[in-house]
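Asks: Here the protein sequences come in this chain order: A and B. Counting along the first sequence from 1, when you hit position 127 you're at 127 in the numbering used here, and nothing is skipped either side. Counting along the second sequence from 1, when you hit position 170 you're at 1170 in the numbering used here, and nothing is skipped either side.
Misleading hints may appear alongside valid ones.
Below, computed lysine to aspartate or glutamate pairings styled on EDC-like, alpha-carbon distance capped at 16 angstroms [said to hold, decoys possible]: (1) A:K149 / A:D45; (2) B:K1113 / B:D1176; (3) A:K169 / A:D147; (4) A:K12 / B:E1023; (5) B:K1090 / B:E1106; (6) A:K84 / A:D58; (7) B:K1090 / B:E1121; (8) A:K84 / B:E1023; (9) A:K13 / B:E1023; (10) A:K32 / B:E1056; (11) B:K1120 / B:E1106; (12) A:K12 / A:D58.
These are computed hints drawn from the structure, not numbers from a lab. None of these values were measured; they are calculated from a predicted model.
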Amino acid sequence: MSRQSNRTTDSKKMNSELFTLTYGALVTQLCKDYENDEEVNKQLDKMGYNIGVRLIEDFLARSTIGRCQDFRETADVIAKVAFKMYLGITPSVTNWSPAGDEFSLILENNPLADFVELPDNHNTLIYSNLLCGVLRGALEMVQMAVDVKFAQDTLRGDNVTEIRMKFIKRIEENLPAGEE
Amino acid sequence: MEARFTKGKSAILERPLSRPKTEVSVSAFALLFSEVVQYCQGRVYSVTELQARLAELGKRVGASLLDVLVLREKNGKRETKVLNILLFIKVSVWRALFGKEADKLEQANDDDKTYYIIEKEPLVNTFISVPKETSSLNCAAFIGGIVEAILTHSGFPAKVTVHWHKGTTLMIKFDDAVIARDKTLEGR
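Bound-form chain A, shown alone (with noise of 0.2 angstroms):
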C-alpha cells in the first residue's frame, strides 16, 4: 500500500511558466495563422482533445484511482487530483444541477492564462479553450460523452474562471461488426 501511495506523488514537476508561455506563443501562432477567433478556439479544442486521449493513460498510471462510481465522484477527482497533478491548482466545484449531470469548475488562478491580457481586436477567442479539449478527450476514453464548455473568463472581463461541464451519455462499447 505504501508503495501506490508514493506513485501519486512520482510525477516530475516544472516551473509553471515555460508551460505557460509555450501555450502562449502556440495561441500567438494560432490566431496568425487562422482567419478568426472561432477557428482558433476550435484548433485548440482539437488539439486538447488529442491531449486529453493520451494523459488520461498518464492519468490512470499514475494516480491510484478506480472507475468512478457516479458523476459526482468524477468531478471531485478532476477538481482535487488531475487538476492537482498536472496544474498544480485546485479548482472549486460547484453550482450542480439539481439532477447531478451539469457542475461548474472555478479556477482561481489558470496557469495557461498566467501574465495573458486579450487585445482588442480578439474579445470572442477563448484563451485556454484546450483545457476543454482536454477534459473532453479524456473523460472519452473512460466512456463518459461530456460537453464542456468556458461559460466564464476572467480574461473576457468576468469575475471568475468558469468552466461549464455537462454529462451527455455512457459511451457504449460497440463491437466491431461481425464479432459477437
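Following the hints, put chain B in place on chain A, whose structure we already have.
Replies: The following block gives chain B in isolation, referenced to the frame of chain A:
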C-alpha cells in the same frame, strides 16, 4: 493611457514578478509540446522548415522571459559582456526553465564568434522519438529560439542553430559587431 492597458479586471500590470508559486507537471508540458510539434509539422514540407517554426515559437517565449529573469536574477542589471551573457543563459535561464544548469558552455577553437551550449538530454526531447526518415530533426530548435531571442534582445545579435552532437548542441554565432565591441570593452 491607452484603454487596453486598463481593460479587464486582471490588472496584470499590478501583479508582482516574483517567482511563481505554482508548478505544473512535466507530463502536462510534454503533451502540450508534442501537440505544438505536430501542429507545426502539419504545415511544413521539410525538417528545416519545421525547425524554423519551432524556433519562431521559442523566440516568442525567450522575448517574454528575458525581462522577468533580468529583474529576478540580476536585480534589473543587464549584461554587457559576451561571456557574462552566455553564463547568464547557461546558469540563470536554464535554471529558471529546466531546474538545472546547462551541461556545458564552450568556445570554438578556430572562431572567436562561435560558442556552444551543450545539453545532453534537453527537456523537450525527452519524450520525442525522431523517426528515421527525418533523423536530423531536433525539437530543441525551440530552445535555440529561446536563446536567440534572449541574446538578440539583450543587445547581442546572434544566430542560434541546433545540432546533434554530444547530445544536443546549440551553436551560437555572434554578429561580427558584437565581438568587435566586446574586444573594445576588454580591460576596462
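Asks: Are the Cα positions of K1120 of chain B and E1106 of chain B separated by 16 angstroms at most?
Replies: OK: K1120 of chain B and E1106 of chain B at ~14 angstroms, within 16 angstroms.
Asks: Compare the distance between the alpha carbons of K169 of chain A and D147 of chain A with 16 angstroms, and conclude whether the hinted pair is satisfied.
Replies: Between K169 of chain A and D147 of chain A the Cα gap is close to 10 angstroms, so the pair holds against 16 angstroms.
Asks: Do the alpha carbons of K149 of chain A and D45 of chain A lie within 16 angstroms of each other, as the hint requires?
Replies: 10 angstroms, holds
Asks: Can the restraint linking K12 of chain A and D58 of chain A be considered satisfied, given a maximum Cα separation of 16 angstroms?
Replies: Holds. K12 of chain A to D58 of chain A sits at ~12 angstroms (cutoff 16 angstroms).
Asks: Taking only the CA atoms, is the gap from K1090 of chain B to E1106 of chain B under or equal to 16 angstroms?
Replies: Holds: K1090 of chain B and E1106 of chain B sit about 11 angstroms apart, inside 16 angstroms.
Asks: Given the hinted pair K84 of chain A and E1023 of chain B, is their Cα-Cα distance within 16 angstroms?
Replies: 10 angstroms, holds
Asks: Are K13 of chain A and E1023 of chain B close enough, with their CA atoms no more than 16 angstroms apart?
Replies: 6 angstroms, holds
Asks: Would the hint linking K84 of chain A and D58 of chain A be met if the CA-CA limit is 16 angstroms?
Replies: The given pair, whose Cα atoms are some 14 angstroms apart, holds under the 16 angstroms limit.
Asks: Do the alpha carbons of K12 of chain A and E1023 of chain B lie within 16 angstroms of each other, as the hint requires?
Replies: Holds, because 10 angstroms separates the two Cα atoms, which is no more than 16 angstroms.
Asks: So if I understand the rule, the pair passes when the alpha-carbon distance is 16 angstroms or less; does K1090 of chain B with E1121 of chain B pass?
Replies: OK: K1090 of chain B and E1121 of chain B at ~14 angstroms, within 16 angstroms.
Asks: For the pair we were handed, K1113 of chain B and D1176 of chain B, check the Cα-Cα distance against 16 angstroms.
Replies: 7 angstroms, holds
Asks: CA of K32 of chain A to CA of E1056 of chain B, is that 16 angstroms or under?
Replies: 12 angstroms, holds
In this structure, none of the earlier numbered hints is contradicted; all agree with it.
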